[in-house]
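Q: Residue-level listing of the chains:
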Amino acid sequence: MSLPAFAELLERLIFTPGRNAKLALLRDWFATQPDPDRGVGLAALTEELVFTAAKPAMIRDLVAARTDPVLLALSHDYVGDLAETVALIWPERTGVNASPPTLSEVVEALEVTPKAELPGLIAGWLDTLDSGGRLALIKLITGGLRVGVSGRLARVALAEWSSKPVEEIEEIWHGVAPPYLPIFRWLEGQEEKPDPRDAPVFRPLMLAHPLEDRDLAALDPAAYRAEWKWDGIRVQLTAGPGGRRIWSRGGEDISGGFPEILEAMDFHAVLDGELLVIRDGPGGGVVAPFADLQQRLNRKLVGPKMLRDYPVGVRLYDLLFVEGEDLRPLPFDERRRRLEDWVARHAPARMDLSAMIAFGSVAQLSEVRDGARAASIEGLMLKRADSPYLAGRVKGMWWKWKRDPLSIDAVLMYAQRGHGKRSSFYSDYTFGLWRPAEGGGEELVPVGKAYSGYTDEELGWLDRWIRNHTVSRFGPVREVEKSLVLEVIFDAAQLSGRHKSGVALRFPRIARIRTDKPASEADRLENLMAYVEAGPATDE
Amino acid sequence: MRHPETWLRVTPEGLLCEPGGFYIDPPRPVARAVITHGHADHARPGHQAVLATPETLAIMRARMGEGAGASQQAMRHGEVLRQGEVTIRLVPAGHVLGSAQVVMEWQGSRAVVSGDYKRQPDPTCLPFEPVPCDVFVTEATFALPVFRHPDPAHEVAKLLRSLSLFPERTHVVGCYALGKCQRLIALLRAAGWDRPIHLHGAQQPLCRLYEELGVPLGELRPATVANKAELKGAIVLAPPSAIADRWARRLAEPVTALASGWMRVRQRAKTRGVELPMVISDHADWDALNRTIDEVGAPEVWVTHGRDDALVHALALRGIRGRALHLVGLGEDEDETPAEAPEGAPAA
Ligand SMILES: [Zn+2]
Ligand SMILES: [Zn+2]
Numbered sequence: 030m031s032l033p034a035f036a037e038l039l040e041r042l043i044f045t046p047g048r049n050a051k052l053a054l055l056r057d058w059f060a061t062q063p064d065p066d067r068g069v070g071l072a073a074l075t076e077e078l079v080f081t082a083a084k085p086a087m088i089r090d091l092v093a094a095r096t097d098p099v100l101l102a103l104s105h106d107y108v109g110d111l112a113e114t115v116a117l118i119w120p121e122r123t124g125v126n127a128s129p130p131t132l133s134e135v136v137e138a139l140e141v142t143p144k145a146e147l148p149g150l151i152a153g154w155l156d157t158l159d160s161g162g163r164l165a166l167i168k169l170i171t172g173g174l175r176v177g178v179s180g181r182l183a184r185v186a187l188a189e190w191s192s193k194p195v196e197e198i199e200e201i202w203h204g205v206a207p208p209y210l211p212i213f214r215w216l217e218g219q220e221e222k223p224d225p226r227d228a229p230v231f232r233p234l235m236l237a238h239p240l241e242d243r244d245l246a247a248l249d250p251a252a253y254r255a256e257w258k259w260d261g262i263r264v265q266l267t268a269g270p271g272g273r274r275i276w277s278r279g280g281e282d283i284s285g286g287f288p289e290i291l292e293a294m295d296f297h298a299v300l301d302g303e304l305l306v307i308r309d310g311p312g313g314g315v316v317a318p319f320a321d322l323q324q325r326l327n328r329k330l331v332g333p334k335m336l337r338d339y340p341v342g343v344r345l346y347d348l349l350f351v352e353g354e355d356l357r358p359l360p361f362d363e364r365r366r367r368l369e370d371w372v373a374r375h376a377p378a379r380m381d382l383s384a385m386i387a388f389g390s391v392a393q394l395s396e397v398r399d400g401a402r403a404a405s406i407e408g409l410m411l412k413r414a415d416s417p418y419l420a421g422r423v424k425g426m427w428w429k430w431k432r433d434p435l436s437i438d439a440v441l442m443y444a445q446r447g448h449g450k451r452s453s454f455y456s457d458y459t460f461g462l463w464r465p466a467e468g469g470g471e472e473l474v475p476v477g478k479a480y481s482g483y484t485d486e487e488l489g490w491l492d493r494w495i496r497n498h499t500v501s502r503f504g505p506v507r508e509v510e511k512s513l514v515l516e517v518i519f520d521a522a523q524l525s526g527r528h529k530s531g532v533a534l535r536f537p538r539i540a541r542i543r544t545d546k547p548a549s550e551a552d553r554l555e556n557l558m559a560y561v562e563a564g565p566a567t568d569e
Numbered sequence: 025m026r027h028p029e030t031w032l033r034v035t036p037e038g039l040l041c042e043p044g045g046f047y048i049d050p051p052r053p054v055a056r057a058v059i060t061h062g063h064a065d066h067a068r069p070g071h072q073a074v075l076a077t078p079e080t081l082a083i084m085r086a087r088m089g090e091g092a093g094a095s096q097q098a099m100r101h102g103e104v105l106r107q108g109e110v111t112i113r114l115v116p117a118g119h120v121l122g123s124a125q126v127v128m129e130w131q132g133s134r135a136v137v138s139g140d141y142k143r144q145p146d147p148t149c150l151p152f153e154p155v156p157c158d159v160f161v162t163e164a165t166f167a168l169p170v171f172r173h174p175d176p177a178h179e180v181a182k183l184l185r186s187l188s189l190f191p192e193r194t195h196v197v198g199c200y201a202l203g204k205c206q207r208l209i210a211l212l213r214a215a216g217w218d219r220p221i222h223l224h225g226a227q228q229p230l231c232r233l234y235e236e237l238g239v240p241l242g243e244l245r246p247a248t249v250a251n252k253a254e255l256k257g258a259i260v261l262a263p264p265s266a267i268a269d270r271w272a273r274r275l276a277e278p279v280t281a282l283a284s285g286w287m288r289v290r291q292r293a294k295t296r297g298v299e300l301p302m303v304i305s306d307h308a309d310w311d312a313l314n315r316t317i318d319e320v321g322a323p324e325v326w327v328t329h330g331r332d333d334a335l336v337h338a339l340a341l342r343g344i345r346g347r348a349l350h351l352v353g354l355g356e357d358e359d360e361t362p363a364e365a366p367e368g369a370p371a372a
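Here the protein sequences come in this chain order: A and B. The working numbering applies: residue 30 is where the first sequence begins, and numbers increase by one. The working numbering applies: residue 25 is where the second sequence begins, and numbers increase by one.
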């Protein structure tokens with residue numbers, strides 16, 4: 030019965046907004062499903078297992094042979110999604126007494142069945158399933174599950190279910206292939222932890238705490254080292270005889286999106302760094318704002334134009350392994366020395382060293398931080414000179430000290446209901462700034478959307494205000510009277526061709542409700558434009 | 025024989041039986057109305073004389089008080105009445121308590137107006153009875169082959185599994201106050217759920233009426249703010265418009281469910297923010313519509329509201345003449361309205 034059980038899990042995951050509820054559903058799956066199906070299902074959810082055996086056209090042909098064309102067209106038009114239409118409209122045959130396939134049966138059969146026999150095989154399976162099962166099967170075999178379960182979330186669920194630390198699971202995860210039998214046996218206490226040996230695996234990253242004022246007061250400048258905190262994505266590069274991988278901060282394999290980096294990884298080491306779009310400039314490489322890097326993210330295929338227009342590089346922060354030697358227990362200073370040596374010796378293409386910032390006092394460091402104007406810099410990183418490389422966020426070892434946010438006073442224009450716990454609240458706000466209107470006078474232009482920063486009390490107040498000042502409604506969205514000013518803070522402003530206003534904000538959030546300020550005194554678009562860093566930020 | 029199209033006509037006031045001098049489920053106030061069932065799109069206030077089953081009349085009185093008709097005439101299943109030159113019978117439609125098909129005969133021909141109906145068993149009302157006829161006037165709310173309602177026991181089992189997986193969370197189920205709510209309670213009881221079921225204020229009067237009319241529902245309690253602790257792990261039934269709105273904030277980390285035939289299509293569930301869609305409908309699905317039409321054997325079928333395009337096409341394939349009536353008002357404010365219901369339902 031495993032495919033119907035998988036279908037039910039899938040349906041619940043798709044409709045469940047909350048992370049905790051998702052974790053509970055996954056724990057239940059691990060606890061109740063047999064091997065190898067629980068591992069196959071897990072790999073399908075996290076897209077470590079992707080099938081392309083069946084093309085959507087094959088599914089369409091199968092259903093077309095079994096339904097009236099007019100009714101099929103009306104149905105497809107109504108439902109929208111083809112896979113779902115097929116799952117719902119598939120004529121159920123009474124008297125089919127074959128039982129539905131298990132997940133592993135599906136996987137095995139797809140591997141060994143000759144292409145010509147696939148349609149018959151799939152139709153036979155569809156006959157044994159109900160509509161939920163049919164949808165799960167079609168999505169599975171056409172490679173379109175997309176349920177939003179990250180590998181990281183799955184590993185946290187495994188850790189919660191087995192009471193093993195998630196870091197230990199992370200370290201071996203990528204060394205074992207689906208359906209992960211040795212991992213499940215280890216987690217259930219039947220076997221020793223599997224040894225990934227040379228396989229490229231992800232090592233949990235060391236993370237930093239935000240630096241608060243009281244931490245700053247207690248900081249001993251002599252005990253810490255400082256670097257820029259770059260606004261890219263944190264990556265781990267793993268290369269050796271077992272293969273090469275680029276891991277995201279959550280341990281997802283993102284190698285496919287960055288072939289030029291992968292090509293440059295002709296070494297045997299594990300490195301920690303920041304992936305950035307870096308273009309040649311007068312004084313060397315110039316880091317582009319995050320909006321540029323965004324062009325490169327979440328892409329399966331990267332064309333030559335992408336590679337040319339958005340060239341990426343890695344700014345190296347740390348060295349974890351060299352030729353199999355684990356450097357993580359060494360103090361930061363020692364690892365840094367080894368990293369500098371290593372870079373000098375290997376000079377890998379598309380990689381450079383993160384610079385160390387010299388400072389004698391906290392006051393001096395504070396000045397350096399305030400002087401950083403580039404949008405590509407988020408602030409400073411402070412690392413204890415004697416800190417070993419530890420998994421996760423260990424208090425007192427590493428600090429991130431972000432720049433003070435920028436701020437504008439904007440006018441609330443539209444509000445939308447949130448999700449999950451916030452579904453009864455108008456919690457997503459579109460805000461705008463004034464600019465000259467075409468026919469004279471002033472008009473508001475939307476400049477961003479914020480859905481955080483406020484307290485629960487402020488959220489309740491805003492929700493009531495919105496309900497009492499609605500001027501029109503479009504589905505879940507309300508347009509409100511243009512009379513409420515919100516102080517919005519954000520990390521950077523970048524030019525953007527995709528936004529009506531021509532500018533995009535990084536991490537906008539609500540800082541304050543300005544009931545004291547009339548809307549006419551809110552900021553103008555030009556005030557925001559003054560924050561935009563001059564630079565080569567171009568959207569296509 | 026006089027073909028029903030000569031004596032049953034669509035007028036701006038609604039579907040008129042001319043020789044009988046009455047309208048069926050008229051959208052506007054008329055002198056004489058025959059009402060198939062108590063849903064708001066069929067039973068509207070302000071008619072002079074109303075003829076319906078005793079249960080439908082009781083429901084109308086509960087819902088609209090004075091507006092339920094200046095004079096009311098109750099007609100039980102099995103009774104026969106002459107209205108003008110027309111013979112009328114009311115036959116169970118299986119939709120909600122009191123729901124009836126209107127069977128009319130005049131000068132040798134017979135027409136049946138189904139009202140809303142379903143063919144799945146429902147412990148809270150009498151089952152649909154097919155009546156052979158010359159013209160069958162049917163609804164078509166779910167007349168697309170993608171709508172095939174699953175066994176409701178399966179959907180209720182999903183809810184109960186979710187309760188065992190999330191025992192701390194309130195499970196709030198959106199369901200229409202008339203019919204769906206009581207059917208859901210009966211289904212839960214049949215599945216062995218014998219704990220109290222909590223109700224939004226809008227669900228209470230009709231549940232009381234069902235019990236008075238002989239449909240046992242077990243222990244019901246109001247879902248008031250006062251008993252927040254009691255609502256942990258409880259089932260709460262509320263109007264669809266309330267489940268994602270302010271009223272729901274009193275509930276403990278609610279799992280939001282919605283019981284409706286539309287939940288079969290994912291996008292419908294997604295846009296409503298539903299976490300647990302339950303495909304339970306009081307309307308006939310595609311297979312039931314077609315099977316019913318075959319059973320009544322009518323050579324001609326008129327479609328009052330819903331997806332008449334698909335149904336008329338499917339009928340033509342079998343040599344049955346189909347005709348779309350495009351009746352106004354039906355399906356609006358419908359018990360299973362696909363659009364977002366208005367806000368501000370009364371709090372408990
Ligand atoms: Zn109805
Ligand atoms: Zn209706």
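Hints are computed from structural coordinates only; laboratory data are not their basis. Check each hint, because a few of them may be wrong.
Stated by the list, open to error - Pairs of lysine-lysine, BS3-like flavour, derived with a Cα cap of 25 Å:
id: 1; chain 1: A; residue 1: K478; chain 2: B; residue 2: K182
id: 2; chain 1: B; residue 1: K182; chain 2: A; residue 2: K450
id: 3; chain 1: A; residue 1: K222; chain 2: A; residue 2: K193
Q: Taking 25 Å as the top limit, are the C-alpha atoms of K222(A) and K193(A) close enough?
A: holds (11 Å)
Q: Assess, step by step, whether the Cα of K182(B) is no farther than 25 Å from the Cα of K450(A), and give holds or violated.
A: Cα-Cα ~21 Å, so holds.
Q: Given the hint that K478(A) pairs with K182(B), does the C-alpha gap stay at or below 25 Å?
A: violated (37 Å)
Going down the numbered hints, you'll see the structure goes against just number 1.
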